[in-house]
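Working from the sequences, and respecting the hints, build out all of it.
Number of protein chains: 2
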Amino acid sequence: MFVILVYDFEKKRVAKALKIARKYLYWVQNSVFEGEISEANYVKLKMELASIMDPDVDSVVFYTFRTQKYSKREEMGLRKGGEDNIL
Amino acid sequence: MFVILVYDFEKKRVAKALKIARKYLYWVQNSVFEGEISEANYVKLKMELASIMDPDVDSVVFYTFRTQKYSKREEMGLRKGGEDNIL
Chain A
936 MFVILVYDFE KKRVAKALKI ARKYLYWVQN SVFEGEISEA NYVKLKMELA SIMDPDVDSV
996 VFYTFRTQKY SKREEMGLRK GGEDNIL
Chain B
936 MFVILVYDFE KKRVAKALKI ARKYLYWVQN SVFEGEISEA NYVKLKMELA SIMDPDVDSV
996 VFYTFRTQKY SKREEMGLRK GGEDNIL
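Chains as they are written, first to last, in the working numbering: chain A, 936 to 1022; chain B, 936 to 1022.
Be careful, since some hints might not be right.
In this list, chains with the same sequence are indistinguishable; a pair is considered to hold if it fits within one copy or across any two.
27 Å max Cα-Cα, derived DSS-like pairs, lysine-lysine [as the list claims (entries may be wrong)]:
| no. | residue 1 | residue 2 |
| --- | --- | --- |
| 1 | K954 | K979 |
| 2 | K951 | K1004 |
| 3 | K1004 | K954 |
| 4 | K1004 | K946 |
| 5 | K1007 | K947 |
| 6 | K951 | K979 |
| 7 | K1004 | K947 |
| 8 | K958 | K979 |
| 9 | K1015 | K958 |
| 10 | K951 | K1007 |
| 11 | K1015 | K947 |
| 12 | K981 | K1015 |
| 13 | K1007 | K981 |
| 14 | K958 | K1007 |
| 15 | K1015 | K946 |
It should be emphasised that the hints constitute simulated quantities derived from the structure, not laboratory data.
Written as structure tokens, this is what we have:
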């Protein structure tokens, strides 16, 4: 499935969150990631983020799609991340 | 249709971008917005953002969906924005 991940972690935890997200997904911009992911890896990704997050302060939203057939992606301006631009 | 908007504007233009995005969508967190939008308003939103952006520096990505039937939304941690939490 395809997933878009956006997070908002407190500064001191951002580097850890970034490292985890990058293991599974492509960086898009700021705190946004996307990519194809297996169900198993999706569960792992959630568990790893949960293990470092403070749920009273930090925030994560996942949008998952069984198919990309009904969605479209449009960019404006500078392309910061993407498959061909992994940090 | 449903749209997720993520942007990365240079600091001096962020306030303007935020104001435009909020006119059409709900704030989710950081520089992420989502909501139902008409085709006409989607075009307006893109034009307004284009009018204030520096395309060599700023970046916007739109994910649009004809239907939400094939997508799922999951949250972890603090809920920062949303329909019932408009800034």
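Comparing the hints with the structure gives:
1. K954 to K979: within (14 Å within a copy, 36 Å between copies)
2. K951 to K1004: neither (33 Å within a copy, 33 Å between copies)
3. K1004 to K954: Close neither inside one copy (29 Å) nor across copies (31 Å); limit 27 Å.
4. K1004 to K946: neither (36 Å within a copy, 35 Å between copies)
5. K1007 to K947: Neither: 34 Å inside a copy, 29 Å across copies.
6. K951 to K979: within (15 Å within a copy, 38 Å between copies)
7. K1004 to K947: The answer is neither: 38 Å in one copy and 37 Å across copies each exceed 27 Å.
8. K958 to K979: within (11 Å within a copy, 37 Å between copies)
9. K1015 to K958: Both: 18 Å inside a chain and 25 Å across chains, each within 27 Å.
10. K951 to K1007: For K951 and K1007, only the inter-copy Cα distance (25 Å) is at most 27 Å; the intra-copy one is 30 Å.
11. K1015 to K947: Both. Shortest intra-copy (23 Å) and inter-copy (18 Å) distances satisfy the 27 Å Cα cut-off.
12. K981 to K1015: Answer is both; intra-copy 24 Å and inter-copy 18 Å each pass.
13. K1007 to K981: both (25 Å within a copy, 15 Å between copies)
14. K958 to K1007: Answer is both: 24 Å inside a copy and 22 Å across each meet the 27 Å cutoff.
15. K1015 to K946: Classified as both: same-chain Cα gap 21 Å, cross-chain 16 Å, threshold 27 Å.
Taken one by one, the earlier hints fail for this structure at numbers 2, 3, 4, 5 and 7, listed in ascending order.
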